[in-house]
Every structure is written in structure tokens, then in C-alpha cells.
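**Q** What follows is each chain in one-letter form.
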Amino acid sequence: MKIKVDFKKCQGNARCWSLAPDVYKLDDSGYILDGDIEVLPGQEAVARRGARACPERALTVEGED
Amino acid sequence: MTRNAVPEHVPQNLVRDFSIYTSPGMERTPNGCPHAAMGYVHNFPPIFYSPSNAFDGGGTWVVTRAEDQRRILGDPATFSSRRGHFEKSMGEEFVIVPLESDPPAHTFYRTLLNPLLSPKRVEAMEAGARERAVRLIEAFKAKGSCEVMNDFAYPFAVGVFLQFLGIDESRRPEFLGWADELLHGTNEQRQAAMKIVAGFIRDLVEQRKGEPTDDFISFLLKASVEGRALTDPEMVGMGVLMFVGGLDTVAMAIGFDLYHLAREQKDQARLRADHDIIRPAVEELFRAYATITPLRRVTQDTVFDGVPMKKGDVVSCPTMIANRDPSEFPEPDRIDFDRENNRHTTFAYGPHRCIGSHLARRELIIGLEEFLNRIPTFRLKPGEAPITYGGYVFGVENLVLDWT
Chain G
1 MKIKVDFKKC QGNARCWSLA PDVYKLDDSG YILDGDIEVL PGQEAVARRG
51 ARACPERALT VEGED
Chain F
66 MTRNAVPEHV PQNLVRDFSI YTSPGMERTP NGCPHAAMGY VHNFPPIFYS
116 PSNAFDGGGT WVVTRAEDQR RILGDPATFS SRRGHFEKSM GEEFVIVPLE
166 SDPPAHTFYR TLLNPLLSPK RVEAMEAGAR ERAVRLIEAF KAKGSCEVMN
216 DFAYPFAVGV FLQFLGIDES RRPEFLGWAD ELLHGTNEQR QAAMKIVAGF
266 IRDLVEQRKG EPTDDFISFL LKASVEGRAL TDPEMVGMGV LMFVGGLDTV
316 AMAIGFDLYH LAREQKDQAR LRADHDIIRP AVEELFRAYA TITPLRRVTQ
366 DTVFDGVPMK KGDVVSCPTM IANRDPSEFP EPDRIDFDRE NNRHTTFAYG
416 PHRCIGSHLA RRELIIGLEE FLNRIPTFRL KPGEAPITYG GYVFGVENLV
466 LDWT
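Just so you know, the protein sequences line up as chains G and F, in that order.
Just so we're aligned: 62 in my numbering is position 62 of the first sequence, and the numbers increase by one with no gaps anywhere.
Just so we're aligned: 358 in my numbering is position 293 of the second sequence, and the numbers increase by one with no gaps anywhere.
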């Protein structure tokens, strides 16, 4: 599973990281790192939850809109 | 309710009587729930005009739908955060930045301050905050009862603020006194308290110029924005904003959350049984008990979804209304720790997303964890009625709990 990151939309809410700290990595200011994320097997559920928690809709699970 | 003239450009069919201070459930109410009391606005047009909603008694547009609030808060070019409210009401020269600034200047301030309040930095503050919470709770535990706001919520929030600012704990009683007047005083007391806090921070700036340490003010003194040093009024404004933003809101959130858990024994039992639920529960409690209303000023005549707004109009986006928008949150008044798609706007939205949100979230998690760990099953003390109120910061005035 892949998460698409729309870096420009990120406002540093960090709710993805709060719910799935192993999936989402932040920079020192609390914004998500640029670049798509390859989700490891077994982490799909938390990754999906983290993506859905983004108020700015900066994260999309590939194949879902 | 003072009712001002409705500006000519506002269509009469969009005018509704509404005041975040005086509408039903907004004035001081025993056993109240101001958040639920506001639900009726979802029967109004999605954006309506209230002639008597602003701080100064003036009128504002009120945006009720979560999606519309996001569009407005995400468009600072049309909806400016620069209201000039503090300077006007206080006759002060300091500028409340970054709140009262727009991009691109806003971006420079945020870039400077974000690392100080980032999730990582907040983790480093965790131990101190937890120790503070534990000390406060242990002090009243044996009594079998406490008044949450004064025994726990304020001293905890003020303590964390002092820790952030690098100010000695011994100053806490002073700060608590100012906070009390700032939050509960008359208008004159509020302004006087605000001036005292500003004066304190101004003195701190002077002091640190002479003897820098590794605290917040020393950091600001070394910082640069757009290739220049920060001005004194900017530094004072930032300090005041941190105090006002981080104190009231956190204390009130603690109050509303414990009020909820005292009433809803099932929810309390569930959190006690499974601490892993506390994180999502805090998020749902943030949604249900949002306390602030972001305000924006229209920068140019514009038509928003058919609603004609004029340059200078004030647009209010009450987060507690968006968070109970039935078109976004099914059964919005039901507090459900398993709620999915919890896209609440408690920390606002867009570039002005609350800079202290990570710290606030952590404070709430620590506060609930330690309270539940140390205090047995609690309920509202019989014969006592918690007083709640609306306004630009929703609040709980007193909350007496009992676990005897």
C-alpha cells in the first residue's frame, strides 16, 4: 500500500503522526516529509487511520479518494 | 441583546438573532452544555449575519458548516487574520503575532516558532508536565473531592506555560492571579491583567538582553525574520499570545472533559479499563468541546456561495459549530470514542492552525491519564452545579468532583 503526500497542503497538524508514528515522519518543525510513503505489511490499518485524520487532506491512500 | 443596524449589503433573509455571549445556553448556566445548546444554528442558512455577535458588540457573519469554515480559514488572501482587535481594545503597541498577521509575513513567524512547539519538542516537555500534574493531583487526592478548575486545570496549564517560557515555578501564584483576572474579571480587570502580563514579558525581554539564557525570550532575541531582528513589540506580542492562547483553552478543555467523564460513567469506565483509548478519546473530546471562534476580516468585496460580503466585514467561524455540523459528523451530539473521520477544527485550519496544538494535545492526554490513574471513580458532587458559559472562549467556571 502506498500513501500519496501532497506536501503543499500540510499545515503541520501532525495528526497522522499522532495516530501512526511508525508510518509518518515529520521534520523538526512538525511538518510531514515530502515524498510518497510505502506502507509496510501489517501497518495498513494505522496508516489508513492516520491518512484519514489529516484535516487538510494532504494524504491519500493510493487507489482511494 | 444590543442590536446594531444591519449593513445595507446584507440581505434581510440572512439575518438571524444570535450572540455567542447571550443566546440561549451562552450566559452562565448551571449544569449547562453550551456546545449542544448551539445546535439550533444548523437550522439557519449555512452562512447568516448576526448583528450582535462581535467582541465590540458589532455584527459578524457566522459560518456554520465545517466545509465552509475550512474554505474561509484556508483563504487568508480574502479572509485576513489581521483584525487589530488587541491593539484597538487595549491601546497597546505590541502586535499579537503570528495570529494577527497574514502570509507572507505570517509564514516567517511560523517558520521561526514552529520548531519550539513541534511534536518532538513537546515530547521533551512531557516529563516536566507530567510531574506537575501528579503533584497537583496528589495534593487533593486524600480529600475525596476537588474543584477541578482551581485545584487542577489552571495551575497545571499555568505551570506548563512557565516551563515553556523558562520562568521559575515560584512565580506561579502571581501568574495564576493574573490569569484569573484575565479570564474571569470585568472588562477593566481583563485589560489591566493583560497589561500586567505584557509588562512582565517586556521586563523579561529587557532582562534577557543583558543576561541571555536558553529560554524562549533569549531564543527570540537571537532570532531573525526576513533578515532582521525581531522588534520588542513583536517579542512581547508573541509572549502574550502564548500565555493567552495556551492557558485559557487548555484549562477549559480539561474542565469540559472531566465534566463529561463525571456525567458519563460508561465513558469514564472505558478509559479506566483501556488507556489506549485515551488518545482517540481526547481527539473526540476536542471535537465535542471546542472552545474558540476564529475571526477573519474580509479584504475585498466578495461573493461567497451567493452571500455578498463587503471589505471590512467580520466573519466568525465558531469551531464548536463546525464540529457539530451534522453534514460532516453523523449524530454530532453523540460523543463516540470510536468515531472515524474525526476531522474537527478545534485547532482551526489552514495556515493559522493553532501553533500550540501539539502541546495542548499532550497536556490533555497527560492530564486525563494521571487523573484516571490516581483518582478513583468520580462523579459530580451532589448539591453542586457546574456553571458553563459561551463567548469567544467557552468555559467551565467551577467543577466540583467527588470520589468519597
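No lab work stands behind these hints: they were computed from the structure.
Computed from a predicted model, the values in this text were never measured in an experiment.
Heads up, a few of these hints could be off.
To be verified - The calculated DSS-like cross-link candidates involving lysine-lysine, where the alpha carbons are at most 30 Å apart (straight line), are:
| no. | chain 1 | residue 1 | chain 2 | residue 2 |
| --- | --- | --- | --- | --- |
| 1 | G | Lys-8 | F | Lys-206 |
| 2 | G | Lys-8 | G | Lys-25 |
| 3 | G | Lys-8 | F | Lys-331 |
To be verified - If we take Cβ atoms under 10 Å as the criterion, some of the chain G residues that face chain F in the derived model are:
| no. | residue |
| --- | --- |
| 4 | Lys-2 |
| 5 | Leu-26 |
| 6 | Ser-29 |
| 7 | Pro-41 |
| 8 | Gln-43 |
| 9 | Thr-60 |
| 10 | Gly-63 |
All residues carry an ideal CB built from backbone N, CA and C; glycine is no exception.
**Q** For each hint, tell me whether it holds in the structure or not.
**A** Evaluation of the provided hints:
{"no.": "1", "hint": "Lys-8/G <-> Lys-206/F", "verdict": "violated, 48 Å"}
{"no.": "2", "hint": "Lys-8/G <-> Lys-25/G", "verdict": "holds, 16 Å"}
{"no.": "3", "hint": "Lys-8/G <-> Lys-331/F", "verdict": "violated, 42 Å"}
{"no.": "4", "hint": "Lys-2", "verdict": "violated, 21 Å"}
{"no.": "5", "hint": "Leu-26", "verdict": "holds, 6 Å"}
{"no.": "6", "hint": "Ser-29", "verdict": "holds, 4 Å"}
{"no.": "7", "hint": "Pro-41", "verdict": "violated, 22 Å"}
{"no.": "8", "hint": "Gln-43", "verdict": "violated, 17 Å"}
{"no.": "9", "hint": "Thr-60", "verdict": "violated, 14 Å"}
{"no.": "10", "hint": "Gly-63", "verdict": "violated, 18 Å"}
Violated hints for the displayed structure, listed by number in ascending order: 1, 3, 4, 7, 8, 9, 10.
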